[in-house]
Amino acid sequence: MKKAVVFFTSNDFSVALALANQLGWVAMFCRYGLSKVHPRAMAAEQVFTIGGPKLGHPNEVYMSDFQALDTLDDVSKVTLR
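In our numbering, the protein residues as written are -1 to 79.
Check each hint, because a few of them may be wrong.
Said to hold, decoys possible - Derived lysine-lysine pairs resembling PhoX-like cross-links, with alpha carbons at most 25 Å apart:
no. : residue 1 : residue 2
1   : 34        : 52
2   : 52        : 1
3   : 0         : 52
4   : 0         : 34
5   : 1         : 34
Simulated from the structure, these hints should not be mistaken for laboratory data.
Assemble the whole structure, with the sequences as input and the hints as a guide.
Set out below in C-alpha cells:
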C-alpha cells in the first residue's frame, strides 16, 4: 500500500477521516491509545500519523498538536502528490 493514515484515539478519528479522504480514501488504522500499530500500516510507503507519539516510520508525516484545531490546520495544508 502506498499511503496509510494512523490515528491515536477515537478523538482523532474525524481529522484522520478528512485526511484519508483528501489522500484518495487511503487505509486508516487506529492505535487505540497504544504505542503499537498494525503491521500493514508500517508496511505502507508513506504514513500520516494523527495524534499520539511518532511511529518512527522512515517516511512519516507527523501531525499532532496540543489542540485539535491546530492538528486540523496541519491536515488542511497537506497537498496531494
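Hints and how they fare:
1. A hinted pair counts as satisfied when its Cα atoms are at most 25 Å apart, and residue 34 with residue 52 qualifies at roughly 11 Å.
2. For a cut-off of 25 Å, the pair hint linking residue 52 to residue 1 stands: about 16 Å separates their Cα positions.
3. Of the pairs offered as hints, the one joining residue 0 and residue 52 holds, with about 19 Å between alpha carbons and a cut-off of 25 Å not exceeded.
4. A C-alpha spacing of about 20 Å is found between residue 0 and residue 34, which places the hinted pair at or below 25 Å, so the restraint holds.
5. Pair hint residue 1 plus residue 34 holds up; C-alpha atoms about 18 Å apart against a cutoff of 25 Å.
In this structure, every one of the numbered hints holds.
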